[in-house]
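*Asks:* Residue strings, one per chain:
Protein chains: 2
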Amino acid sequence: MMMMHRWRRSGDFIRSACKSLSSFRQKHNSMSPSVTGFMNRYESKVNTFEPNAWSHQYRSFGSSSSSSALKVKRNPLFSSLESKDVSFFKEILGERNVVEDEERLEIANTDWMKKYKGCSKLMLLPKNTEEVSQILKYCDSRSLAVVPQGGNTGLVGGSVPVFDEVIINVGLMNKVLSFDEVSGVLVCEAGCILENLATFLDTKGFVMPLDLGAKGSCHIGGNVSTNAGGLRLIRYGSLHGTVLGLEAVKANGNVLDMLGTLRKDNTGYDLKHLFIGSEGSLGIVTKVSILTQPKLSSVNLAFIACKDFLSCQVLNHLDGVRNPVSSSENFYILIETTGSGETYDREKLEAFLLKSLEQGLVSDGVIAQDINQASSFWRIREGITEALQKAGACYKYDLSLPVEEIYNIVNDLRGRLGNLANVMGYGHLGDGNLHLNISAAEYNDKLLGLIEPYVYEWTSKHRGSISAEHGLGVMKANEILYSKSPETVS
Amino acid sequence: MMMMHRWRRSGDFIRSACKSLSSFRQKHNSMSPSVTGFMNRYESKVNTFEPNAWSHQYRSFGSSSSSSALKVKRNPLFSSLESKDVSFFKEILGERNVVEDEERLEIANTDWMKKYKGCSKLMLLPKNTEEVSQILKYCDSRSLAVVPQGGNTGLVGGSVPVFDEVIINVGLMNKVLSFDEVSGVLVCEAGCILENLATFLDTKGFVMPLDLGAKGSCHIGGNVSTNAGGLRLIRYGSLHGTVLGLEAVKANGNVLDMLGTLRKDNTGYDLKHLFIGSEGSLGIVTKVSILTQPKLSSVNLAFIACKDFLSCQVLNHLDGVRNPVSSSENFYILIETTGSGETYDREKLEAFLLKSLEQGLVSDGVIAQDINQASSFWRIREGITEALQKAGACYKYDLSLPVEEIYNIVNDLRGRLGNLANVMGYGHLGDGNLHLNISAAEYNDKLLGLIEPYVYEWTSKHRGSISAEHGLGVMKANEILYSKSPETVS
Chain W
1 MMMMHRWRRS
11 GDFIRSACKS
21 LSSFRQKHNS
31 MSPSVTGFMN
41 RYESKVNTFE
51 PNAWSHQYRS
61 FGSSSSSSAL
71 KVKRNPLFSS
81 LESKDVSFFK
91 EILGERNVVE
101 DEERLEIANT
111 DWMKKYKGCS
121 KLMLLPKNTE
131 EVSQILKYCD
141 SRSLAVVPQG
151 GNTGLVGGSV
161 PVFDEVIINV
171 GLMNKVLSFD
181 EVSGVLVCEA
191 GCILENLATF
201 LDTKGFVMPL
211 DLGAKGSCHI
221 GGNVSTNAGG
231 LRLIRYGSLH
241 GTVLGLEAVK
251 ANGNVLDMLG
261 TLRKDNTGYD
271 LKHLFIGSEG
281 SLGIVTKVSI
291 LTQPKLSSVN
301 LAFIACKDFL
311 SCQVLNHLDG
321 VRNPVSSSEN
331 FYILIETTGS
341 GETYDREKLE
351 AFLLKSLEQG
361 LVSDGVIAQD
371 INQASSFWRI
381 REGITEALQK
391 AGACYKYDLS
401 LPVEEIYNIV
411 NDLRGRLGNL
421 ANVMGYGHLG
431 DGNLHLNISA
441 AEYNDKLLGL
451 IEPYVYEWTS
461 KHRGSISAEH
471 GLGVMKANEI
481 LYSKSPETVS
Chain D
1 MMMMHRWRRS
11 GDFIRSACKS
21 LSSFRQKHNS
31 MSPSVTGFMN
41 RYESKVNTFE
51 PNAWSHQYRS
61 FGSSSSSSAL
71 KVKRNPLFSS
81 LESKDVSFFK
91 EILGERNVVE
101 DEERLEIANT
111 DWMKKYKGCS
121 KLMLLPKNTE
131 EVSQILKYCD
141 SRSLAVVPQG
151 GNTGLVGGSV
161 PVFDEVIINV
171 GLMNKVLSFD
181 EVSGVLVCEA
191 GCILENLATF
201 LDTKGFVMPL
211 DLGAKGSCHI
221 GGNVSTNAGG
231 LRLIRYGSLH
241 GTVLGLEAVK
251 ANGNVLDMLG
261 TLRKDNTGYD
271 LKHLFIGSEG
281 SLGIVTKVSI
291 LTQPKLSSVN
301 LAFIACKDFL
311 SCQVLNHLDG
321 VRNPVSSSEN
331 FYILIETTGS
341 GETYDREKLE
351 AFLLKSLEQG
361 LVSDGVIAQD
371 INQASSFWRI
381 REGITEALQK
391 AGACYKYDLS
401 LPVEEIYNIV
411 NDLRGRLGNL
421 ANVMGYGHLG
431 DGNLHLNISA
441 AEYNDKLLGL
451 IEPYVYEWTS
461 KHRGSISAEH
471 GLGVMKANEI
481 LYSKSPETVS
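Read top to bottom, the protein sequences are chains W and D. Once you know that position 165 of the first sequence is 165 in our numbering, the rest is easy, because the numbers rise by one and skip nothing. Once you know that position 87 of the second sequence is 87 in our numbering, the rest is easy, because the numbers rise by one and skip nothing.
Calculated directly from the structure, the hints in this document are not laboratory data. Be careful, since some hints might not be right.
Unchecked claim - Keeping only pairs whose Cα atoms sit at most 20 Å apart, straight-line, the calculated SDA-like set for lysine to any residue is:
#: 1; chain 1: W; residue 1: LYS348; chain 2: D; residue 2: LYS295
#: 2; chain 1: D; residue 1: LYS348; chain 2: W; residue 2: SER340
#: 3; chain 1: D; residue 1: LYS204; chain 2: W; residue 2: LEU93
#: 4; chain 1: W; residue 1: LYS348; chain 2: W; residue 2: ILE333
#: 5; chain 1: D; residue 1: LYS295; chain 2: W; residue 2: GLY339
#: 6; chain 1: D; residue 1: LYS348; chain 2: W; residue 2: LEU349
As the list claims (entries may be wrong) - A few chain W residues that don't get close to chain D, going by computed Cβ distances all over 10 Å:
#: 7; residue: PHE163
#: 8; residue: ASN372
#: 9; residue: PRO402
#: 10; residue: ASP412
No experiment lies behind these values; they were computed from the predicted model shown. Backbone N, C-alpha and C fix where the C-beta goes; we use that ideal spot for every residue, glycine too.
Kindly produce the complete structure, drawing on both the sequences and the hints.
*Replies:* Set out below in structure tokens:
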């Protein structure tokens with residue numbers, strides 16, 4: 001009760017912190033498909049590395065110790081690009097949508113983390129499904145490896161070439177095809193940028209069921225292909241629940257029309273779910289049908305502090321950010337509620353927080369009073385990745401664990417690593433999704449050896465997932481058995 | 001405004017209409033798997049019937065005209081049951097769980113609608129996954145066809161044998177394995193009856209994310225295998241969103257452990273989604289992990305009438321049921337809301353209804369005042385199937401359509417059938433799910449010829465689904481191309 005004065009009332013702000021922070025939103029998990037269909041663009045056996053067999057190193061950032069999963073070699077069954085191939089693509093796509101420019105290729109070859117880098121000599125920009133189909137059919141016939149690419153905001157090396165794959169970027173396929181204001185069903189092309197869809201829906205009084213830090217760059221097709229989680233999962237559920245249909249092109253060029261717009265459809269296997277989260281390995285998603293939600297007028301945001309569970313030191317590295325609560329605790333929680341009854345919603349959140357205070361669960365907290373304050377709260381949460389990058393080398397793991405376990409792995413790892421590195425955990429408390437970050441001055445083999453496979457083994461032992469929302473990508477393709485049974489993988 | 005007096009206040013009732021109506025809840029869509037794995041238990045070509053080739057008729061109710069999709073013949077590659085097989089099963093399951101009793105087999109061979117009937121001579125009752133695995137491994141080696149069975153409440157002939165398949169009923173696998181009061185994740189065996197799970201959760205302060213008329217009999221394994229929709233879909237989403245994991249046994253006896261309990265897990269293909277709604281054709285679901293929801297204390301139920309869109313004549317056939325609103329309109333809607341703030345929730349619903357009245361969208365309505373009134377409202381909605389059965393023969397279709405189309409097909413069909421039959425539509429307005437019912441004095445070929453394939457073609461033309469929530473079963477196995485593209489089916 002004594003701290004009740006700290007629960008300041010919020011005005012009628014709408015959460016907009018994200019919108020003003022576009023400069024560092026070009027990040028996070030999004031598109032990361034690795035390869036189409038029937039052929040692997042690299043050879044690797046699950047959990048069996050061939051350290052002496054690989055001919056290239058494609059990391060351009062950090063040392064060779066930034067990850068242990070990159071020991072793969074190019075599959076010799078794939079052809080190499082020839083000038084006749086380029087000519088063919090120019091014929092079907094037009095000159096300007098066949099990119100050979102080195103500067104543009106440099107960007108397309110490099111992932112957001114600058115940790116993974118390919119050496120593709122060609123990026124194709126199809127304008128529609130038919131062109132994607134023609135490209136893939138041709139590449140299939142010529143045994144040319146391809147990598148689908150969207151906003152290239154993934155964190156696991158899935159959206160860039162590993163070797164010299166042809167990059168198929170769907171960025172020009174960015175049209176909204178239909179929106180039904182009764183059902184809230186949006187149908188659009190895969191290359192639509194998530195934030196653009198959000199802006200479009202805002203004019204209709206709707207919101208996307210997902211939101212994530214990378215929304216200024218990531219594509220809806222990539223979101224679907226990687227089963228992006230993000231900030232609204234606990235409110236609106238996963239994409240397996242909200243994606244109603246999709247269209248995809250298989251590696252042989254065949255188009256799979258699964259673009260339903262129905263809430264219920266029980267007619268045989270629901271194949272679209274295989275594509276959600278398959279990271280492009282089954283085909284390229286070209287269109288998406290998704291259930292959007294009515295926009296709610298009342299938004300409240302609370303920033304609260306607790307004495308235990310989680311340590312958070314990122315404030316040191318973000319300019320102009322201050323701790324919203326006076327005390328410095330070990331664990332902070334950001335809670336956003338949305339509803340339609342402003343007074344009621346605010347009082348409900350306040351009552352919840354007051355009760356938490358009285359029960360000793362919370363030691364301090366504040367409810368945002370206006371848009372600026374809300375922005376500053378979100379700036380902290382969304383700036384964590386940026387802050388960690390500034391600290392030097394950073395090993396990142398995206399884990400799902402039973403909620404009661406998510407701080408134990410942080411503690412265990414601190415004990416294991418001692419003063420070799422700083423171990424930090426943040427993420428999505430309601431989802432049991434921990435972003436485990438280990439920052440050090442530089443990448444080194446000794447440190448990596450202490451982290452991997454320890455983190456994966458720890459996660460597997462607790463029946464967690466070694467990839468909650470980022471996907472496997474190149475980084476964890478070989479680690480799948482830590483989270484899936486051999487029978488399932490087979 | 002003039003009708004505001006009709007919006008009576010509800011007390012603090014908890015919706016419990018369903019609980020008192022268990023006698024006629026033994027129905028509706030639930031378990032309906034058709035066959036395990038790699039072999040078809042019957043031969044049929046999609047959309048190509050072989051009317052002269054089938055050797056049996058398995059319908060015991062209605063004439064041969066109750067459906068056109070049953071023209072299938074037994075696959076000669078399957079063996080027939082021998083006494084050595086029965087001996088083997090008795091050895092691994094024990095005498096009492098190998099059922100040869102004719103009376104019990106009669107029930108297990110017949111579907112709830114009494115429209116589909118098999119002639120199996122054996123029902124097996126495994127007690128755990130290992131026994132299911134042993135059964136399937138043996139049947140695989142002996143080429144014995146099997147049909148998985150749960151509560152046998154499906155409406156499309158999917159949960160009973162077509163010919164002489166061995167029935168594998170999972171009813172003895174009915175244990176709750178774990179429940180996490182923080183995350184709300186329930187893990188249980190496939191044979192748990194939905195209502196028993198609801199009762200268990202009630203003591204913990206949680207509710208199942210699905211509810212349906214058959215809950216007194218249907219099994220959670222069957223719900224998952226048929227992707228049951230039901231009454232809470234618009235509130236909590238489909239099973240693709242709420243089922244977090246499952247365990248299944250393939251036709252060869254291999255166990256697939258996909259029994260995760262995590263909200264987020266992006267490590268490769270999420271195979272469990274293939275099993276959700278696959279009607280047993282990929283394997284037998286043996287365990288389920290599902291996200292349940294906190295029970296909300298404030299429940300409101302409104303029964304409202306509108307002048308247009310839908311005709312509903314079922315009140316004639318239900319004893320002791322009266323129209324809750326004084327006027328007799330063509331279209332009724334039942335709205336149930338749940339929340340945590342009783343006064344606020346009620347006022348919100350009242351304001352919504354008042355606004356709808358003022359705008360002329362609604363012509364009359366009443367909010368339930370107590371449990372009895374709520375029960376009587378639900379009795380009407382849940383008694384529709386029962387009432388239609390009493391009217392004589394009834395052709396039932398379970399369609400998904402764009403919401404604006406769901407009454408057009410009713411109208412079109414009325415025009416087409418004239419006075420040959422009564423055409424009625426009800427269902428789930430928010431989901432676009434129409435239960436289209438055509439009732440007549442008796443089944444006959446002429447009538448069937450006018451209904452099928454007209455209804456399927458109409459649905460396909462409007463990009464609807466010929467099975468919203470019931471599944472394909474035997475009834476619609478051959479009609480899949482009306483709702484899925486050839487490439488997808490292939």
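*Asks:* Look at each hint and say if it fits the structure.
*Replies:* These are the hints, each one checked on the structure:
| no. | hint | result |
| --- | --- | --- |
| 1 | W:LYS348 <-> D:LYS295 | holds, 17 Å |
| 2 | D:LYS348 <-> W:SER340 | holds, 10 Å |
| 3 | D:LYS204 <-> W:LEU93 | violated, 60 Å |
| 4 | W:LYS348 <-> W:ILE333 | holds, 17 Å |
| 5 | D:LYS295 <-> W:GLY339 | holds, 19 Å |
| 6 | D:LYS348 <-> W:LEU349 | holds, 18 Å |
| 7 | PHE163 | holds, 21 Å |
| 8 | ASN372 | holds, 29 Å |
| 9 | PRO402 | violated, 7 Å |
| 10 | ASP412 | holds, 19 Å |
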